[in-house]
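For the record, the sequence lines run as chains C and H. Read in order, the letters of the first sequence correspond to residues 1 to 245 in the numbering used here. Read in order, the letters of the second sequence correspond to residues 1 to 268 in the numbering used here.
Worth flagging that the hints you see were computed from the coordinates, not collected in a lab. Don't be surprised by glycine CBs; every beta carbon is placed ideally from N, CA and C. A few of these clues could be false.
[Unchecked claim] Anything over 12 angstroms on all C-beta distances counts as not near chain C; from chain H, calculated:
1) Y15
2) H38
3) T118
4) I153
5) L191
[Said to hold, decoys possible] No farther apart than 20 angstroms at their CA atoms in a straight line, the calculated lysine to aspartate or glutamate pairs in the EDC-like style are these:
6) H:K28 <-> C:E70
7) C:K78 <-> H:D126
8) H:K220 <-> C:D91
[Stated by the list, open to error] Some chain C residues close to chain H (C-beta under 8 angstroms, calculated; not the full set):
9) L50
10) I82
11) F84
12) S86
13) F90
14) M93
15) E97
16) F101
17) P102
18) E105
19) R109
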Amino acid sequence: MIRVRQLHKTLGSQEVLRGIDLEVNKGETCVILGRSGCGKSVLLKHFVGLLQPTSGAVFVDEEDIARLPERELGRIRKKVGILFQSGALFDSMNVEENIAFPLREAGLRDPEVIREKVAEALEMVDLAGEQEKMPENLSGGMRKRVGLARTIVSRPACILFDEPTTGLDPIASDSINHLIRRLQKRLSVTSVVVTHDMKTAYHTADRIAYLYEGRIYFLGSADQLRHSDDPVLQNFIEGRSGDSD
Amino acid sequence: MFRFLGRSVLSLLQYLGELAVLFGETCKALVTAPIRWHLFARQLVEVGFRSQLVVIVTGAFTGAVFAAQTFFQFHRIGMESAVGAVVAVSMFRELGPVLTGLMVAGRVGAAIAAEIGTMKVTEQIDALRALGVHPIDYLVVPRVMALMLSMPILVAECCGLGSLAGYLIGTKVLGISEAYYVDTMLKFTGLRDIKMALSKGLAFAVLVVFISCHQGLNAKEGAVGVGRAPHRGGGDRVAGDPCGQFLPLLRPQHHLPSGLVVCFFHVP
Numbered sequence: 001m002i003r004v005r006q007l008h009k010t011l012g013s014q015e016v017l018r019g020i021d022l023e024v025n026k027g028e029t030c031v032i033l034g035r036s037g038c039g040k041s042v043l044l045k046h047f048v049g050l051l052q053p054t055s056g057a058v059f060v061d062e063e064d065i066a067r068l069p070e071r072e073l074g075r076i077r078k079k080v081g082i083l084f085q086s087g088a089l090f091d092s093m094n095v096e097e098n099i100a101f102p103l104r105e106a107g108l109r110d111p112e113v114i115r116e117k118v119a120e121a122l123e124m125v126d127l128a129g130e131q132e133k134m135p136e137n138l139s140g141g142m143r144k145r146v147g148l149a150r151t152i153v154s155r156p157a158c159i160l161f162d163e164p165t166t167g168l169d170p171i172a173s174d175s176i177n178h179l180i181r182r183l184q185k186r187l188s189v190t191s192v193v194v195t196h197d198m199k200t201a202y203h204t205a206d207r208i209a210y211l212y213e214g215r216i217y218f219l220g221s222a223d224q225l226r227h228s229d230d231p232v233l234q235n236f237i238e239g240r241s242g243d244s245d
Numbered sequence: 001m002f003r004f005l006g007r008s009v010l011s012l013l014q015y016l017g018e019l020a021v022l023f024g025e026t027c028k029a030l031v032t033a034p035i036r037w038h039l040f041a042r043q044l045v046e047v048g049f050r051s052q053l054v055v056i057v058t059g060a061f062t063g064a065v066f067a068a069q070t071f072f073q074f075h076r077i078g079m080e081s082a083v084g085a086v087v088a089v090s091m092f093r094e095l096g097p098v099l100t101g102l103m104v105a106g107r108v109g110a111a112i113a114a115e116i117g118t119m120k121v122t123e124q125i126d127a128l129r130a131l132g133v134h135p136i137d138y139l140v141v142p143r144v145m146a147l148m149l150s151m152p153i154l155v156a157e158c159c160g161l162g163s164l165a166g167y168l169i170g171t172k173v174l175g176i177s178e179a180y181y182v183d184t185m186l187k188f189t190g191l192r193d194i195k196m197a198l199s200k201g202l203a204f205a206v207l208v209v210f211i212s213c214h215q216g217l218n219a220k221e222g223a224v225g226v227g228r229a230p231h232r233g234g235g236d237r238v239a240g241d242p243c244g245q246f247l248p249l250l251r252p253q254h255h256l257p258s259g260l261v262v263c264f265f266h267v268p
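Chain H extracted, bound-state conformation (with noise of 0.2 angstroms):
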C-alpha cells in the first residue's frame, strides 16, 4: 500500500518536472533560438483553422439546446425573459472554454502526441538532433504558438455562435421577446466574462499542447506507446480540466485560469 502510494507520488512528481522543464524550455526557445514561421503558419491552419467546424458546431448545438431547456424551466415560472442572460453567462464563463478544450484536446492534442511519438519511436526525433536541430525548437515551439494564438479565438468563436444560436432559438422559435431578450443578455454579460472566457482558453491552449508534447516526446514501446501517447495527451489527461474549471465556481466567482490543479493529478 505505501509502495504503491510512494511510486504514485514519485511518478506524478517526475511527471510534473518533466513537464516544468519541458516548460521552461519552450519559453526559453521561445525567445533565443529562430522562429520557423513556416512551421507556424502550417500549424496555425492545422489546430486552428482546420478546428473551426467542430468548435463551432458544439457551441452553436449547446447554444441551442441550452436556450431550449432553461426556457422550458423558466417558463413555469414566467421569467423566459432571463434565458438569454442564463445561455451567454453560462456559454462565456464555462461552457464555451471547456468545450473548446475539450474539443481541441480530442481533435489536436491527441493528433501532437500521436504525431510526435511516431517520430520518436521511428528515430526522426534523433535524426533532428543529429542534423543539429533541437527538437523543441522545430517541434514544441510551433504548436505552442499556433494554440496560444487560436485557442481563444476558438473559445469566442464557440461562445459567440452559442450565444448565437441561444438567441435564435429563444426568439424565433420559442417566441421570446427580442428586446427583452438582448436586454438581459447585455445587462448581465459583461467585459469580464469574455476576459475570462479568453483567459480560460488560453489556459487551455497551454494545458493541451504543453502535455500533448511531452506525451510525444516521451514515447515508448514502439507502436503501442505510439497508441498510448494520443489518450495520455489529449482525452484521458485533459479530461480533468472541466472538473478543474467547475470546482472553482464553488467559490465566489474566479477570474484566473482554472483546472491547473485537477489535470495533474492524473499520473502517467
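Just chain C, same shape as in the assembly (with noise of 0.2 angstroms):
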C-alpha cells in the first residue's frame, strides 16, 4: 500500500530523515515508534504528501507521490487519509460541519445522506448525538475523535493516524487504542500509527518501526522488540535516560 525507498528529508539545517527505507502493506497496522522529534510526524506527512522529500521516493498502491503537484495529490489524499495530532477540526465549523466537509467536497449534495453518513461515522468513534457542538467546547480525546470521523467518513484505504494517544489521559488513551483496533477491523483499512506511547503500540500494531536518528533502527513484531535485547530499544521501551538525579 505505502513504501518509501532512500527517504531524506532536510529542514533548515537539519537532515531529520537520513534514507528511510519502509513497507507498510495492505491491511496492516505499522506502528512507528521513536522519541519526540525524531521525525515520525515528518515521516507521517511523506505518506500523503503533506511534505516533499528532498530525494528518495514514495509509493502509495505503486505510484510515486514525491514529485507529484499539489493538485494531483488530491485523488491520493482520497485513498490515505490522517487524523492530526491535535485533531485539526475546523473552528468556524460545528462537529457536523467538520464531518461532512470532505462529502460535500466530494460533491454529495443530499443533506439526508450527508446527515446519515456523518452520524454513522460519529457512531463508530462513540461520539453519537453531538453533532452540534463547537469544537472549542470538546475535550482533546473528543477532538480526536472528531477528527477520525472526519476521516474515515469518506472510507479511505489507509488511514495516518500522527500521536493519536498524546496529551490524553490513560483512560481515554486506552478507548483511542481500541478504536483504532476496531475500525481496522470493522473498515480492514491499513493504518499507521505514529506514537510515542508503549500501550499504543503493543496494542494496536501488527508491525513496528524504531526510527533513531533518521533511520529505521529496528522493523519486527511487538513480541520482537519487547524480547530484543539491544540497548537503544529497551532504553525507549523501559523509558530510561541514563541521567542522575
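If you follow the hints, you should be able to join the two separate chains into one complex; please do so.
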C-alpha cells in the first residue's frame, strides 16, 4: 500500500530523515515508534504528500507521489486519510459540518444522505448525538474522535494516525487504542500509527518500526521488540534516559 | 554591511517571488478550479458589506473637514466657489481610494492574515490539503473575488459621501452658493477622475488581499507568528500604499493604479 525508498528530508539545516526504507502492507497496522522530535510525524506527512522529500521516493499503490504537484495529490488523498495530533478541526464549523466537509467537497449534496453518513461516522467513534457541538467545546479526546470521524467518513483505504493518544489521560488513551483496532477490523483499512506511547504500540501494532537518528533502527513484531536485548530499544521501552539525580 | 544588504535584497526577491507565485496560482484557480459561491458570498458580506460603515464615516468626515479647511483658506482670496471642485477632485483622485485602502487594509487585511495564520499554525490548512482541497481554491480565491468586487464599490461610497459631506458643509453651513459649488464641482470632476478612483480601488484590493493571504499562509512560530501576520499583512505593509499613491502625483496626472512599487519595499 505504502512504500518509501531512501527517503531523505532536511528541514532548515537539520537532516531529519536519513534514508528511510519502509513498506506498509495492505490491511496491516504499522506503528512507527521513536523519541519526540526524531522525525516520526515528518515521515508520516510524506505518506500523504503534505511534505515533499529532499530525495527518495514515496509510493502509494505503486505510484510515486514524491514529486506530484499539489493538485494531483488530491486523488491520492482520497485513498489516504490522516488524523492530526490536535485533530485539526475547522474551528468555524460545528462537529457535523466538520465531518460533512469531505463529503460536500466530493460533490455530495443530498442533506439526508450527508446527515446519515455523519451520524454513522460519529457512531463509529462513540460520539453519537454530538453533531451540534463546536470544536472549542470538545475535550482533547473528543476532538481526536471527531477528527477521526472526519477522516473515515469518506472511507479511505489507509488511515495515518499522528500521535493519537498524546495529551490524553490513560483511560481516554486506552479508548482510542481500542477504537483504532476496532476500525481496522470494521473497515479493513491499512493503518500507520505514529506514537511514543508503548501501550498504544503494543495494543495496535501488527508490526513496529523504531525510528532512531533519522533511520529505521528496528522493524519487527511487538513480541520481537519486547524481547530484544538491544540497549537502545530497551532504554526506550523502559523509559530510561540514563540521567541521574 | 554588505551581508545585511545582500540578505535584504534576497529577502525582498524571495518575498516578491512568493507573491508572484501566489498571484499566478490564484489566477489559475480562478479559471480552472470550481468556485465556492457560498464562501464568496460570506466573504462579500464580511469584507464588503461590513466595511461600509467605517469607510463611509471616514469618507464623510474627511470630505466635511476638507471642505471647511479649504473654505477658510480660499475665503481670504475670494475663491469660495472653488471649494467644491477641490474637495471632489481630491476625494476622487487620491483621498477616497487611499482612505478606503487604509481602512480596508486595517480592518479586512489584518483579519484575513490573522484568520488564515491561525488556520496555518493549528494544522487546519494541512487538514484541508489532506482532505484533497487546495488551500488557494478554498481560502484565497473567495477572498480575492470578494475584495475585488467590494473595493471599487467602497471607494465609490467613500468618494461620493465625502463629496456630499463637503457639499453640505460648504453650502448649508459655510454659506457657499449651491449653484456655484455644484457648477465648479461638475466642471472639474470628470469621468476620468471616477475611473481613476475605481482603478486605484481595484489596485488596493489586489495588494491588500494578496499580501494578507500570503502573510497568513506563511505564518510561523505559533501564537507569536499569528500575532505578527496581521501587522505584516494589513497595516504595515499596505501603509506603503499612500506614499505610492502620492509619488505619481509629482508627475503629470497619472491614470494607472499606483502604489505597487513602494508597497513592496517593506521587506518581510
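Here's how the hints hold up against the structure:
1. Every beta carbon of chain C lies more than 12 angstroms from that of Y15 of chain H, the smallest distance being close to 19 angstroms; the non-interface claim holds.
2. Not every C-beta of chain C lies more than 12 angstroms from that of H38 of chain H, the closest at about 10 angstroms, which undercuts listing it as non-interface.
3. Chain C draws T118 of chain H into its interface by the beta-carbon criterion, the shortest separation being 8 angstroms against a cut-off of 12 angstroms.
4. Every Cβ of chain C is farther than 12 angstroms from the Cβ of I153 of chain H; the closest lies at roughly 26 angstroms, confirming the non-interface assignment.
5. Distance check for L191 of chain H against chain C: the nearest CB is about 42 angstroms away, which clears 12 angstroms, and the non-interface claim stands.
6. Using a Cα cut-off of 20 angstroms, the hinted pair K28 of chain H and E70 of chain C holds, with the two alpha carbons roughly 13 angstroms apart.
7. A C-alpha spacing of about 14 angstroms is found between K78 of chain C and D126 of chain H, which places the hinted pair at or below 20 angstroms, so the restraint holds.
8. The suggested pairing of K220 of chain H with D91 of chain C holds, with an alpha-carbon distance near 19 angstroms, which does not exceed 20 angstroms.
9. This hint holds: L50 of chain C has a C-beta 6 angstroms from the nearest C-beta of chain H, less than the 8 angstroms allowed.
10. With 8 angstroms as the threshold, the beta carbon of I82 of chain C comes within range of chain H, its nearest partner Cβ sitting at about 5 angstroms, so the hint holds.
11. Using the Cβ-Cβ criterion of 8 angstroms, the hint placing F84 of chain C at the interface with chain H is satisfied: the shortest such distance is roughly 5 angstroms.
12. With its C-beta approaching chain H no nearer than about 6 angstroms, S86 of chain C sits inside the 8 angstroms limit, and its interface hint holds.
13. Look at F90 of chain C: its Cβ gets to within about 6 angstroms of chain H, closer than 8 angstroms, so that hint holds up.
14. Hint on M93 of chain C is violated. Least Cβ distance to chain H is approximately 10 angstroms, over the 8 angstroms limit.
15. Residue-level restraint check for E97 of chain C is violated (minimum Cβ-Cβ distance to chain H is 12 angstroms; threshold 8 angstroms).
16. A distance limit of 8 angstroms between C-beta atoms decides the matter here; for F101 of chain C the minimum to chain H is near 7 angstroms, and the interface restraint holds.
17. At a threshold of 8 angstroms, the smallest CB-CB gap from P102 of chain C to chain H is about 5 angstroms, leaving the interface hint in force.
18. At its closest, the beta carbon of E105 of chain C sits 5 angstroms from a beta carbon of chain H; the interface hint therefore holds under the 8 angstroms criterion.
19. Interface hint status for R109 of chain C: violated, as the beta-carbon distance to the closest one in chain H is roughly 12 angstroms, over 8 angstroms.
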